[in-house]
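Number of protein chains: 2
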Amino acid sequence: MSAAGPQVTACVLIIGNEILSGRVRDENLAFLATGLNEAGIRLRQARVIPDDAATIIATVNEVRRQFDYVFTTGGIGPTHDDITAQCIADAFGVKLVLHPDAARILEAHYPPGALNQARLRMAHVPEGASLLPNPISRAPGFRLDNVYVLPGVPQIMRAIFNELKHRLVGGAKVLSRSVSCALGEGALAKGLGEIQDRFPDLEIGSYPYFRRNDFGVTLVVRGIERERIVAAADEIKTLIRALGGEPTEGLAED
Amino acid sequence: MSAAGPQVTACVLIIGNEILSGRVRDENLAFLATGLNEAGIRLRQARVIPDDAATIIATVNEVRRQFDYVFTTGGIGPTHDDITAQCIADAFGVKLVLHPDAARILEAHYPPGALNQARLRMAHVPEGASLLPNPISRAPGFRLDNVYVLPGVPQIMRAIFNELKHRLVGGAKVLSRSVSCALGEGALAKGLGEIQDRFPDLEIGSYPYFRRNDFGVTLVVRGIERERIVAAADEIKTLIRALGGEPTEGLAED
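Top line first, the protein sequences correspond to chains A and B.
When we follow the numbering used here, the leftmost residue of the first sequence carries the number 1291, and every step to the right adds one.
When we follow the numbering used here, the leftmost residue of the second sequence carries the number 1291, and every step to the right adds one.
Among the clues, some could well be false.
Copies of the same chain look alike in the list, so a pair counts if it fits in one copy or across any two.
[To be verified] Below, in silico cross-link-like pairs of lysine to any residue (SDA-like), each with a Cα-Cα straight-line distance of 25 Å or less:
#, residue 1, residue 2
1, K1455, R1337
2, K1480, G1403
3, K1527, Q1407
4, K1463, R1502
5, K1463, T1299
6, K1455, L1473
7, K1385, L1396
8, K1463, R1337
9, K1455, R1315
10, K1385, G1483
11, K1480, D1391
12, K1480, D1342
13, K1480, Q1376
14, K1480, L1410
15, K1455, R1516
The hints are simulated quantities; they were obtained by calculation from the structure and are not laboratory data.
Bound conformation, chain A alone:
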């Protein structure tokens, strides 16, 4: 999709064996995708990688150079399998250090004597990182350069992201409009391709759905300029009617 103005891009790294084993279903990607889009940032890739230091370090170094923003989730708790902070430090070639503000936050949070060595790990960040406040369980995330390091627990990840979101610098926001109908994709394909050819500045996606006794397709038009999107959506509605279908605005899933 060609766009007016520079595109601001992001990559999400979901760090955690539990997602790859199928034990836990990721709940963070869709939230981040939506939140980034609202901030005018295009999520261009996401990776789910295991709790393996070499993989985390190599992946972080690959994607932080390729995308404007990188967001990681998972692996910043107090247990032995929480290795993300150390890996980020290694990726940047800096030391993992105790952040005095993070230590103070945890000291104030735990009852006297409960801030043990393990919990104090959560106050360690790569040298030069700034803290990302955690309004729920206090142990902060952190940012180093363009890499934002968030926890994996969805409630906490969301709270931290919502606090930092307003400071992200995005480009033009991607707008979209959807039209659904009960026709098959194959009936629409030719005309739809022709509309896409006439609107190279837009991205037109075709998504079939199947439900009990019901199937059809949702056509999604995405782009920067509202007038163009409306014009393309109108052409899609005309196409659907010409093929004997009945277009409905919005997502079929709604």
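Fit chain B to the known structure of chain A by using the hints.
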């Protein structure tokens, strides 16, 4: 995790702008992760990538050399945004050709005259690919070398995967046992790390959970040998009791 016997690995590529835009939440990864684990194949990475030819080709070529199996989902329908089959052909440096069996399957499926040019695209596969039968909507997936190309619609993806699963050659199946308790992760961390050190052949994960008026942690022990897993889980239960907690078997989410 060190394991008895060779590990068989897999990577999943989820191809689709709709996942990266946040419009659609992926439902395929958790299914494939579980199904591969049952087949003794370890899902070691997953990527969500856009409907962009250069990205798809480069990613397929990177991961097909790095993992034993690659499974892609999405982009094999009849519309202009379905570019996966062509990209797989390009990645392997072969032509996209009409597969006569696929053409026959579609001819038998559609009413006379309905098998238009767009639908016939779904009978095109990279030269040398074999078909993966689709018991629902007929348009087949395909396999080329170690790359399995599946549709994105979850119901159809699952049906195709369930048909091919029995032909996958896996290694030793990863077994797991879970113990949950209402203690904080930070209280358990030291003892848990010591248990991990005594069981280097196992992978011990610590996953906090937060619910209304309820929080705690689930500890998951994974590995190949059941006796070792049981022994580690017993040590974890002893640790929990020593810290004043009450271990419960199984996942807290259950």
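Do the hints match the structure? See the list:
Taking the closest pair of Cα atoms, K1455 and R1337 come within 25 Å of each other both inside a single copy (21 Å) and across two copies (24 Å). With identical chains, the CA atoms of K1480 and G1403 are at most 25 Å apart between copies only, with a shortest distance of 15 Å across copies and 69 Å within one. With identical chains, the CA atoms of K1527 and Q1407 are at most 25 Å apart between copies only, with a shortest distance of 22 Å across copies and 63 Å within one. For the homomeric pair K1463 and R1502, neither the shortest alpha-carbon distance inside one copy (35 Å) nor that between copies (35 Å) is at most 25 Å.
For the identical chains of this complex, K1463 and T1299 are intra-copy neighbours only, at 12 Å inside a copy versus 39 Å across copies, given an alpha-carbon limit of 25 Å. Taking the closest pair of Cα atoms, K1455 and L1473 never come within 25 Å of each other, the shortest separation being 40 Å inside a single copy and 32 Å across copies. Taking identical chains as interchangeable, the C-alpha atoms of K1385 and L1396 lie at most 25 Å apart only when both belong to the same chain, with a minimum of 21 Å there against 60 Å between chains. In this assembly of identical chains, the alpha carbons of K1463 and R1337 lie at most 25 Å apart whether taken from the same copy (23 Å) or from different copies (24 Å).
For the homomeric pair K1455 and R1315, the shortest alpha-carbon distances inside one copy (24 Å) and between copies (21 Å) are both at most 25 Å. Taking the shortest Cα distances, K1385 and G1483 sit within 25 Å of each other only across copies (22 Å), while inside one copy they are farther apart (53 Å). For the identical chains of this complex, K1480 and D1391 are inter-copy neighbours only, at 24 Å across copies versus 60 Å inside a copy, given an alpha-carbon limit of 25 Å. Taking the closest pair of Cα atoms, K1480 and D1342 come within 25 Å of each other only across two copies (20 Å); inside a single copy the shortest separation is 46 Å, beyond that limit.
For the identical chains of this complex, K1480 and Q1376 are inter-copy neighbours only, at 18 Å across copies versus 52 Å inside a copy, given an alpha-carbon limit of 25 Å. For the homomeric pair K1480 and L1410, the shortest alpha-carbon distance between copies (12 Å) is at most 25 Å, but the shortest distance inside one copy (61 Å) is not. In this assembly of identical chains, the alpha carbons of K1455 and R1516 lie at most 25 Å apart only when taken from the same copy (24 Å versus 45 Å across copies).
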